Amino acid sequence: MKWLKILDPWTQYRRPQESVASSISTTEKISPQSTSKSEGDLLQGPISAAHSTADVRESERTKYAALSHGYVILPSGPYLAYPRPIGSSPISSAIPLPVTVIASEEVEINGPWLAAELSRLQDNDDVYSDDFQSNMIFSCRSSAVDNQRPRLDQTAEMLLGEQRTVHYVVAGSQSWQSGPYFSLNGIIYEAWKLYPDNAEAFYFSIVPDPDDRNHFIPLAISAFDSVRTVAVPSRHYFKQSKEKPLNGLRIAIKDIYDLNGIRTAASNRAFRDLYPPRRKTASAIQKLINDGAVIVGKTKTTTFADRELATQDWIDTHSPFNPRGDGYVWGGGSSTGSAAAVAAYNWLDFAIGSDTSGSARGPAANHGIYGFRPTFCATAMDGVVPSSVLFDTPAFFARDVKSAQQFAKTWYKLKSVEDLQKSKSWHPRKLLWPIEYCDRQSKYVVTHNEEVHAKFERFVSVLEVFLGVQRTVVSLRDLWNKRDRHQPGPSFDEYFKYTYEAILNRDSYTNSIGFVKDYQKVFGWHPYLPPSIMNRWKRGKSITEGEREHAVSQVSDFKKWFEGEVLGDDGSTSTSAVMVWPWTVGSPNYLDLPRPEPNADYGYGFQPTYTSSFTGCPEFVFPSKPKTAHNFAETDEEIVGTWSYDSKVSGQQERLPVAASLMGASGLDYELITFARQFLVESELPDAVETGREMLGPDPAKKARKVDPPAYRSR
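First residue of the sequence shown: 1, per the UniProt record's numbering; consecutive thereafter.
Because the hints were derived from the structure by calculation, they are not lab data. Quantities reported herein were computed from a predicted structural model and do not represent experimental measurements. Positions of the beta carbon are idealized from the N, C-alpha and C atoms, including for glycine. A portion of the hints provided could be inaccurate.
As the list claims (entries may be wrong) - Distance windows between CB atoms, simulated:
1. Leu479 / Ala600: 26 to 34 Å
2. Glu545 / Gly603: 50 to 58 Å
3. Arg595 / Arg458: 52 to 60 Å
4. Val516 / Gly603: 20 to 28 Å
5. Lys482 / Thr311: 24 to 32 Å
6. Val473 / Gly603: 26 to 34 Å
7. Asp316 / Glu106: 28 to 36 Å
8. Val389 / Glu106: 53 to 61 Å
9. Ala380 / Arg483: 53 to 61 Å
Model the full assembly from the supplied sequences, consistent with the hints where possible.
Below is the structure:
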């Protein structure tokens, strides 16, 4: 095997070369062909690395991390030799050598078992490759017999000979996991694979500090032209357990959450440059880390998670690319970076966003993935750059409903084990259908696209069959206007015309005062802020605290009324109802469209996305898809999960997701996701989506591109 380039990794962390312990002995088997693979044949030298000088001010540790990243390029791609020693190696090479560690519970190893183990390493991990089989280290696990060396029988020796593998047998029990590693100067290090961020979803990649797994350091490496990379560890290093239910799961977080050792930018360069790396991780993220999650990077967001439309309003950073369709349709919402990462990369398990008035639900719908906004206050919001404390809610994205269910149970403050068992039998007795947002004759209807409307209606019909009830048609406006006939007041639209803006604009402005003063004190001038923020703050400055408090009371009125008279309008409890919402507009919102002045309008009233924001109710957004075996039927009319459009980019017909959501009463988070999963499975609807341009997988009836552009490649 001929390597391309090697850069000695992370010399600042290298420990003095250790002698191999006396309890370790080795047996080396070298095929004749492998003797030609000397260190002199390996090309050495640096390859392009991007460094951020803003990250080197506060500590030597951060300086080392930002300026001395090292990595190895193998035929299967670039890797990072993560500089945390995990044990002594019998290999004393001065350059990092890829090795496979085989940690066996048994002393005797035969050929069939070894072949099966190597297949397992390949099949269950995207980091492992044949490149790591040039060298193997065999050891016994700590649970095996102490001070024993594995013994390879003739069939195992023959298999290694056929593969031209140099192998070593180590005595003594070890705590290693089988998998891919690098050996350098007698020390074994973990192998982390570097993936390109072709969708430009990440603000930057991060890795845990080798000396403190609760402290993080930025990873600024470019190994694919100008595209930065994201590092992920082998899945074989982690075993999930009751204590670590998320162990090894790779998660990206929106860049409004604080992370110990990392600057929080919220997509604003002035904010990033002013404040040093955070010393404490946001509680919501620390919960994930405590449960074993691997935080791999921070994703892009709009400035301070405010309302900005791509590409015009994105100033300090470029908008991510939505991989669906032709790749140039805006993903929507401030959590679009997290959604784009989940939709684009199959090496990522989950991504964390936030939802104020649709910031996560919109991107979930536009990217054709699963997005969940939980009950308000389902988890802590300290250490998070706020938009409005009254509405801000942590949210997450996933590609399948089963993993979403498990993730929600772990992350949010849900219920006891007994209550969780009871929630599995929750079955709504009422399906609410908000007519003003679903009926095409309504001026408030979400979509005027006939194809999208027909597919949403088909989805609702399947839901009716599953529930065994017909939809209950409700009009929020009519119900509100009739709520008190003896004391008629302002209409629904009049009453809530300024409610959301009064709160958000005022909160956004008051949140900024300290930042602006701090910046002026340090630098002597006003920080740059994009028009979206300046217009928001201009409005917020003119709103009094009294006006905000009045708007807060209006939100309280809406919540009390909605839970009592909408979810429970027939005298039953609100927990017996579920409301279905359409989420797809049905027109391509291209990145290059001209935009109006951002956040300059006022008095735009109540939007359908505000319902869960005002009530604090959980809402689960997911693609509405057909049966797996019929993803692509003979006629377009039978395709439920996507809608078609003529792309001005590709010059051909492309498809984008059709999405819907279910909303339940506050506190029914786990019940809602569990119900959604039962509905999808029992109705024989797919409960997972693919990455890339087609959420349902390639269309066999459609002529495929000879080569997909890099933005569509997930691996």
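Cross-check of the supplied hints:
Under the hint 26 to 34 Å, the C-beta atoms of leucine 479 and alanine 600, about 32 Å apart, fit the expected range. One distance hint, 50 to 58 Å for the beta-carbon pair glutamate 545 and glycine 603, is violated here, with the actual separation near 20 Å. About 33 Å separates the C-beta atoms of arginine 595 and arginine 458, a value inconsistent with the hinted range of 52 to 60 Å. For valine 516 and glycine 603, the Cβ-Cβ distance of about 27 Å falls inside the hinted range of 20 to 28 Å, so the restraint holds.
A beta carbon spacing of about 45 Å between lysine 482 and threonine 311 contradicts the range 24 to 32 Å that was offered as a hint. Checked against the hint of 26 to 34 Å, the pair valine 473 and glycine 603 passes, with Cβ atoms roughly 29 Å apart. The hinted range of 28 to 36 Å is not satisfied by aspartate 316 and glutamate 106, whose Cβ atoms lie roughly 57 Å apart. Between valine 389 and glutamate 106 the beta carbons are some 57 Å apart, a value that agrees with the proposed interval 53 to 61 Å.
The supplied range of 53 to 61 Å is broken by alanine 380 and arginine 483, whose beta-carbon atoms lie about 35 Å from each other.
Violated hints, listed in ascending order, are 2, 3, 5, 7 and 9; each of the other numbered hints is respected by the structure.
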